[in-house]
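Listed below are the residues making up each chain.
4 protein chains.
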Amino acid sequence: MTDKVRAAVMTAPRAPIELREIPWPALEPGSAMLRTRFSEVCGTDVHLHHGKLAGVPYPIIPGHVSVGEIAAMRGELRDVHGVPFKEGDMVTFLDVHETCGKCYECLVTKQTTRCAKRKVYGITYGVADGPLGGWADHIWMKPGVKLLRFPKGVDPALFIAGGCGLVTSIHAVERGEVSLGKSVAVLGAGPVGIAAAALARLAGAHPVIVIGAPQGRLDFVATMGATHGISLDVPHEERAAQVRALTNGRGVDVVIEAAGDPRALPQALDLVRDGGRVVIAGQYTDSGDVSVNPHSQVNRKHVEIRGCWGCDFSHFYRAVAVLGEQGKSLPWAGAVSERYTLERAGEALAAVERRDVIKAVIAP
Amino acid sequence: MTDKVRAAVMTAPRAPIELREIPWPALEPGSAMLRTRFSEVCGTDVHLHHGKLAGVPYPIIPGHVSVGEIAAMRGELRDVHGVPFKEGDMVTFLDVHETCGKCYECLVTKQTTRCAKRKVYGITYGVADGPLGGWADHIWMKPGVKLLRFPKGVDPALFIAGGCGLVTSIHAVERGEVSLGKSVAVLGAGPVGIAAAALARLAGAHPVIVIGAPQGRLDFVATMGATHGISLDVPHEERAAQVRALTNGRGVDVVIEAAGDPRALPQALDLVRDGGRVVIAGQYTDSGDVSVNPHSQVNRKHVEIRGCWGCDFSHFYRAVAVLGEQGKSLPWAGAVSERYTLERAGEALAAVERRDVIKAVIAP
Amino acid sequence: MTDKVRAAVMTAPRAPIELREIPWPALEPGSAMLRTRFSEVCGTDVHLHHGKLAGVPYPIIPGHVSVGEIAAMRGELRDVHGVPFKEGDMVTFLDVHETCGKCYECLVTKQTTRCAKRKVYGITYGVADGPLGGWADHIWMKPGVKLLRFPKGVDPALFIAGGCGLVTSIHAVERGEVSLGKSVAVLGAGPVGIAAAALARLAGAHPVIVIGAPQGRLDFVATMGATHGISLDVPHEERAAQVRALTNGRGVDVVIEAAGDPRALPQALDLVRDGGRVVIAGQYTDSGDVSVNPHSQVNRKHVEIRGCWGCDFSHFYRAVAVLGEQGKSLPWAGAVSERYTLERAGEALAAVERRDVIKAVIAP
Amino acid sequence: MTDKVRAAVMTAPRAPIELREIPWPALEPGSAMLRTRFSEVCGTDVHLHHGKLAGVPYPIIPGHVSVGEIAAMRGELRDVHGVPFKEGDMVTFLDVHETCGKCYECLVTKQTTRCAKRKVYGITYGVADGPLGGWADHIWMKPGVKLLRFPKGVDPALFIAGGCGLVTSIHAVERGEVSLGKSVAVLGAGPVGIAAAALARLAGAHPVIVIGAPQGRLDFVATMGATHGISLDVPHEERAAQVRALTNGRGVDVVIEAAGDPRALPQALDLVRDGGRVVIAGQYTDSGDVSVNPHSQVNRKHVEIRGCWGCDFSHFYRAVAVLGEQGKSLPWAGAVSERYTLERAGEALAAVERRDVIKAVIAP
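Residue numbers (this note's numbering), protein chains in the order written: chain V, 334 to 697; chain U, 334 to 697; chain S, 334 to 697; chain C, 334 to 697.
For the record, the hints were derived by calculation from the structure and aren't laboratory data.
Among the hints, erroneous ones may be present.
Identical copies look the same in the list; a pair holds intra-copy or inter-copy alike.
[To be verified] List time: in silico DSS-like cross-link candidates among lysine-lysine, alpha-carbon distance up to 30 angstroms:
hint, residue 1, residue 2
1, K419, K452
2, K385, K419
3, K452, K385
4, K443, K385
5, K419, K485
6, K475, K450
7, K435, K452
8, K485, K450
The whole structure should be built from the sequences, with the hints applied where relevant.
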């Protein structure tokens, strides 16, 4: 054991990533330290670096979805089935915690992803709060953080390849009520879109049409379960015509938006069939307004649009379970082009920002 | 019996309403003629007169929701419970019929209000098709039109006072899953908004906040069950603040849009609580596009938006049933300022267009 | 302040209720003491006295739904909207607490009423745990217990008259998806049945048929919103015929079972229409098996049967809210025949057991 | 063309199957004759032969799910997408038709499988009604019967191998809301159970545990997607223990009952997790009552039980679509041990009755 945590720190928006040493925290009962195996570099980290999220306490240690071994623990920690953890266990954890369990969102509407007290590793904690981000050689598991072991046969590298996009997609596919025999279009071929397409197919959807770019990602998502890919180089009207041609002229039962561009909202409404459902899961930051037609795109179309914000433990649990079984034969690892040391975290971030890679992973 | 039907005819958009005589149709088995007691003049008729609906076969006999006695019938007609109709029965009928029962919308998605074959009395039939609109002394019930008797104690005048807005609102309240203890805001104080507020209250919602104009309508809707009224004279931001003040700072569980103005869509998204539901029921014609913010108004808000198009028999049946019981003590009749003869149909239409009256009724 | 709590104690099944003094507990931060205004004597207390519940740590202080003023508190307590409590506030609290927030039921299936860690005031706490039941002059609010203020204008006496039956019924009516225009039959005319009928009517159901006994309870429930009452003196087959006669020969859309007798399950299946829904809410203890026919009563009938166990905070919150608004004009207080001092708690229990009273209330 | 239809006729319960010639019907507009390629012999035919269904107009031509080419047609027939059929098209059709479209079940509850007017090929039509069963060289498509073409690449032999069990299972899996990541147990390893297991797996369920017999069927269903098989030779309590062992001690999320034995109902309630869902789809005929415990098996368990009766066009449509895509790689054909000529229809029936074969097919 050491008395310092080495971390790659984002000191401010647009500033270079710096390596720093952070004090090793005192472990209260019910807390632990993970020795980081992998942590993810995802689109949210790019948003963080662009300063697009409100209320971020820079300097921060980015990295919200991570994997590691329990290096130290104090008191008893148990998983959701009551099985105790022990040192050496390889685990991941739900990055969102401190959902308060006391507010209207937690108790009455039961939409805990809207709890105002939620804290998120790598996003809403600053360096001053302790080693609470994944781009570090150790991560502090505060009391109450929900850890999960991997099912037998699940390689942690597989999980981190799905990562945050996988967990988000579990929620999006659930919120879209994607089920056997439904036709699905996914807008966006980033980590969320790729995972959403894979999960929709595992859920029995057909066709599963991905609209995105560049071609390399469309090629990859085809290996993950997408039945059709349409390039963003094709004009929207023609893309819509192709979707209708694949669905007896109607449009798809469900659209999952994972693109982030505001224009994806009205486009989704053009691609869905009358009475179908659109899940808006990719508008994580504010990229501006967009025009829709309430008559032709909403009312007359009898359509349903569902925002999909964040994830709770059920999505995280199911993501790990799906990787362990239904999804284990898919080439998730193909999403990770390269692993980066802590020293190269800035490079990893830049590669994700330039969309050179689908996903980068920090392996300290 | 006569050999002609006298009808008030809309010959073309913007043209004056004319009285004409239409041939009495030959009755096939399963068809009937109603002697019109009442027919409604509603906002749709104004849209028809403005030429805002596509594919209308002018000249037409307007009047889609109507009430009458069976003056003649051929063969057997039965209600939904299998009870035969007889001459002299006072009935109303679902204006939408010829839902095909054979298409994807009828059979697979089971969203029959999107069936492309639907025909609507007073809207998609022309004079050339026969006396198929309510602004006439008789209305032809084609085979397959679904008639309903009134429950004991239901005055047909009460039903026509609710009329098309009542049936539409049954659908909107159902689609909003308004139920005991939910807070509701209704946008619009026309016939649909008024009925939606009344039904929401009958469904146990509280508060039921109506945003509309003019003050006379807000006063009326207060007698129908609305617990709070907010005038359109109040700026939107202040209206939103008032709604939050009534809902512990959160916004309402359900917004029912019955306003028709495109701006009502983003406004509804501002009034609903995180994770709540917005029903878009008032955008019956195309009044243009509007801007929304996919991030803050949809995705982060985890909201659900549901278009609500048309009505099917279940809504019509339930509308009549609710009037017979739960809703019978409400002052529906207050919505009808004046009854007009066929000769004065043009006046009735003008009064509705000027919003001088909430609703006008033709009593031939 | 005192240093003892006076309590009416159930020392063992079938033993007489005894008055005892219990030590005043040390208040940890986030805890409080209520000065009891009212506590309920309900059917569960009879079951407790009959020894029909497993794992009860006798001796116990019964009384799970209670009302009181905050007599003392330590640290900060806030309601679900974040508003702090202060001494003197009149409150009630959710008797079920220590739902663990960590198990599969709490986190994955999100059915927290099945959390194995739940603790219930007056049932799963013993005298040895402290003054954790309502039949006492003070009740200890442990940290994490969820308190609620009464809305302005809600008399605590009104709430205790609804009590546990009201909260249970909120859940049952929600689980039955009772909504505007649905026909409902309620089996049982005890506190749960009476409240279920009242809530169904407030939710816009019609008819609301209560089957129960004795006649006095049927008379009372008619004042609470039931539209029809059928006595248990009428044979089941005839009761079923009456229900069909009120529903066009079909049976009701929803049956809410609040009777407790196992025979109510197959009877409910006879009363519901094809494709309807039965909520089983009254089988709180094991009163034996019963025969059903899987073909004619379940499969061919295309029916839905839903068990309904316990309540969570959302039901409790909504119960208080409904009393504050939609339900405030109903004669809830008519359910309480008499108030009993702590000394007479045994009498109160006996009166409930003999069904002499619908509900008895302890007012220390 | 011929002027007679050769058919294998079930003249009465328990009587031998006879070959008869039936008059070729006059074709009204909108009707057709199919040249039968395949027709199914299923468990329902055994029930028919045992006289267990009420209201069957013997003599009948059995065979409800069938495949054939259009040999003759009059007027225009179109599929659900409006595409006209032509002579020579290879099609199948929904055996249930004349759903009335006018009754409470068709129009208000929208549960058309409970429409009292439904007619079923091979079951509710007698020889006197015409050649309206599949065990014949031709089958009369009355006006309104809903035909479907096979998607490109779907071998009709594959469809008939799934047959009625496939269509029924589509409904059961839909009614069970089986979706990605759910654990499922299927009771019964007949055609419905096998198809339900296959569809549950295609829908992303895991594990998919089949409980049935004999071993040969468990072996087959393992090739169709079941992840675990448990023999009926294992006592129920031990089977339940095995199911719990596969589900972290909880029981499965969804049980689909396709066994037909009344005892399967309480057994399903033992196998499902708290708060889970049981679909009762196998109790097609009355095999007697069974005991359940309303407290421990329904109420406390907070479970949901759904009867599942018949199928509508949406299930039929989706069954064909699933075979065309998601399910095309499964060895459906393995369910058909042998094809029988019309002359050997009695042998086929006997083989199904003895459970020698999973399914027999008539190929005239």
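I want to check one pair: K485 and K450. Are their C-alpha atoms no more than 30 angstroms apart within a copy, between two copies, both, or neither?
Answer is between; shortest inter-copy Cα gap is 28 angstroms, intra-copy 34 angstroms.
With 30 angstroms as the alpha-carbon cut-off, assign the pair K435 and K452 to within, between, both or neither.
Both. Shortest intra-copy (15 angstroms) and inter-copy (17 angstroms) distances satisfy the 30 angstroms Cα cut-off.
Alpha-carbon proximity between K385 and K419, which holds within one copy, between copies, both or neither at 30 angstroms
neither (39 angstroms within a copy, 40 angstroms between copies)
Up to 30 angstroms between alpha-carbons, please classify K419 paired with K485: within, between, both or neither.
within (16 angstroms within a copy, 52 angstroms between copies)
Identical-chain pair category, K452 with K385, by Cα at 30 angstroms
within (18 angstroms within a copy, 44 angstroms between copies)
For K419 and K452, with the copy left unspecified, which applies at a CA distance of at most 30 angstroms: within, between, both, or neither?
Both: 25 angstroms inside a copy, 28 angstroms across copies.
Up to 30 angstroms CA-CA - K385 versus K443, copy category
within (28 angstroms within a copy, 33 angstroms between copies)
With identical chains, the pair K475 and K450 could be close in the same copy or across copies; at 30 angstroms between alpha carbons, which is it: within, between, both, or neither?
both (15 angstroms within a copy, 22 angstroms between copies)
Hint check: a violation occurs at hint 2 only; the rest are consistent with the structure.
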